[in-house]
Amino acid sequence: MPRINSPAELEAFRNNLVSQRDPNKTCITLCSGSACHASGSREVAARFQEEIQQQGLAGQVEFRRTGCHGFCERGPIVVIHPDEICYFQIKPEDVPEILSETIKEKKIIDRLLYEDPATNEKIIRESEIPFYKHQGRIVFGSNGSIDPKNIDDYIAIGGYSALARALLGMSPEQVLGEVKKANLRGRGGGGFPAGVKWEGSRNAPGDIKYVIVNADEGDPGAYMDRSLLEGNPHSVLEGLTIGAYAVGAHEGYIYVRQEYPLAVENVNVAIRQAEEYGFLGHNILGSGFDFVVKVHRGAGAFVCGESTALMTALEGRAGEPRPKYIRSNVVGLWGRPSVLNNVETWANVPLIINNGADWFTQFGTDGSKGTKIFSLVGKITNTGLVEVPMGTPLKDIIFKIGGGIPNGKKFKAVQTGGPSGGCLPDELLDLPVGFDELTQAGSMMGSGGMIIMDEDTCMVDVARYFLEFLTDESCGKCVPCREGMRQMLKLLTNITKGKGKDGDIELLEQLAETLVEASLCALGRSAPNPFLSTLKYFRDEYEAHIKEKRCPALSCKELIAFYIDPEKCKACTVCARKCPSEAIIGGKNLIHIIDQEKCTKCGTCFEVCPPRYRAVRKISGEPVPPPIPEEARTIVKERKQK
Amino acid sequence: MSEISLTIDGRGVKATKEMTLLEAARSAGINIPTLCYHEKLEPFGGCRLCVVEVESRGRSKIVVSCVYPVEPGISVRTRSEKIDRIRKMILELLLAHAPDSFVLQDLAREYKADRNRFEKEPSFCIHCGLCVRYCAEVKKKNAVGFIDRGIRKEISFIPKIAAAECWNCKECFPLCPTEALQAAYVLVQGLTTEPAALLRAVE
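First to last, the sequence lines map onto chains A and B.
Converting from the first sequence to this note's numbering requires adding 271 to each position, the first position being numbered 1.
Converting from the second sequence to this note's numbering requires adding 220 to each position, the first position being numbered 1.
Chain A on its own, in the form it takes in the complex (with noise of 0.2 Å):
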């Protein structure tokens, strides 16, 4: 492989793979992030590269297998360049008829094809499909075009031109200068200014300085981190040696966690190969700035995302943050001063030096600049990775992006920011995305996390899940996270029992409050935000629970029942064969009654109830009413009384 020496060789080479490239050649690419692997990407490449043979299209037609598209609801996907023809969740079955009528006949296969749920009209272009035409993907755009292994790929598309301009063009203050000036924030979770985080680093007193990338995302339910290391590593690991030439550093970190094999995989990869070409190691690009790379495997422990504890585990000791209040861009990773960024943050660095500053900054709002990948997960249509401006209003996201609540139900909270994050009402679907903005609402960015709710999730338990979910990741270094957290989540758990106490709501807030004040660490600190946030919008869902030992969303088991209307049972018997606890008694033209003894309130026979009986119900914070008597039961069919 050739060692590219300098940006004219650079733009040499990149002129040469362009001119090797038929851009109207027909170019095939299948969604093979993680999530698609899981639906059965991998089978579907390896039919992909047979039936080409097969049908005797190989050199003919190019397949390649991408990083994640971000509509991981419908993935697998296939684009089908230069038309850019979009098929959905395809199987393996559906290779043979892709190749023989798109590709040799030009037919559109109208089953592959996305139908807009809410006009039921057929899309065939990516591009117009509204969960993608309403996104904005300066950074996650490229993730669909090119394939993670091959370098060859990012140089195609102007890869580590941004990485040349800086390490011949400019000095170091004038990368930090541009980074300062575009306002690029933490896409971490603390928002913190990377320019002024590395300035601090730069000046900081030491011949030796570290970078590193924080890949330990651990949020439940969010994995934007993820499909970029997977999907495009050398945007990274460009943002990363652009942000050590700003800093002065000649050593890196990539702390990714173990439970991110392809990502560990791809980013391995990418740094063999950046070295080869001569993008890592010494003399990069001719500049003679050297810096070499390093993957570090983290154990998976979610509060070593916290960047003092996870420089603390990169030292090879238990991953528990720090009590000092130093930074630790002065004094970091063996106590050095050390730049800790996020993947996405690093990611947005090579944008920045090639489009400059005031590129950057017209997308945002004054506080937050660029944009932001969220996951949107949870109750909502179109789950994936969605990439849009800051700025834009939840709504738009929730609704325009994700279509919206599926099964008709309605919409109740969003939660962004992980679990330390906040739940927000239908009355903030307006707020626009920000870092701010969602800290003001009692909310926070986060890492980027969108957790989805309808009306049927319980505010109190999900305010108990996030406090099981950190009580569980507390490191238990200081008391009020460790035994804070241990009292609240008891108090939770009795409160969604129906064992709430007066005086428990005074009690937690009390709690929250040490915990925010006193905790070591921002997981203390922010653990009580999922109380707090639900307790300032659903208060009434907490005093319900309490007090009158209903849930409002019928959703805590031990305060619900399940009832069958005497009126409106028609002993068609499927909820009694369904029950798994024998708890249906019942018969042929026998009214059917629950045993409430026998009962586990799994929601089987009101899930199997025909919709047009309905006569099963949730009941709470009343008393069942008592089952009509035995003789009472039998069904006289009103048509034969007539």
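Keep in mind the hints are simulated off the structure, nothing from the lab.
Check before you lean on any hint, since a few could be wrong.
[Unchecked claim] Covered stretches of chain A, as calculated for chain B (at least 3 residues, CB under 8 Å): (1) 756–770; (2) 777–787.
[What the hints assert, rightly or not] Here are some, though not all, of the chain A residues that point toward chain B, as calculated from beta-carbon distances under 8 Å: (3) 467; (4) 751; (5) 791.
Glycine is no exception: its CB is placed at the ideal position from the N, C-alpha and C atoms.
Since the structure of chain A is provided, determine the placement of chain B on it from the hints.
Just chain B now, kept in the frame of chain A:
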């Protein structure tokens, strides 16, 4: 040596650059309660009992005095309604584990902490880490350590090291504010000693 002037509880206090707020306060005879602090050990910042309010440039914030470095001109309050409230809560959380600890009881009186506010937990250890850190930093033996994390975290002697080192040392015993340490030690001793030898020791 450059001297730094700051105010603690309304009094002018002189400190040296490398001091923490806790050290500066104690050098001036102002008491701040601590559980995990020990002058021979690196600051741990775990118990959070030593929280104080710092006012600088017109903004007030709660910091932990055992690790917060002195800054010129700042004003520190070691007691306030809010600080007392936080200390009371921390003590009550710990009293759920060690209701009979004399150290905790004394502090509970001072801060009006209710030892029965929370349901009792079946562990006497309050995770101050004094034993673990003393053994590692002063004795350099690492015979006792933390295992697991979060609410499952416990102190544990490493039997192999403890069997060789602890019998003639036991310097960590008086450090323990709850005496949970002795219990852990006796347990390990029981597990690592031959029954016959144990019997002889009892006799």
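Hints versus structure:
1. 756–770: holds (count 4)
2. 777–787: Contact hint for the region 777–787 of chain A vs chain B: holds, 4 residues under 8 Å.
3. 467: violated, 18 Å
4. 751: holds, 6 Å
5. 791: holds, 6 Å
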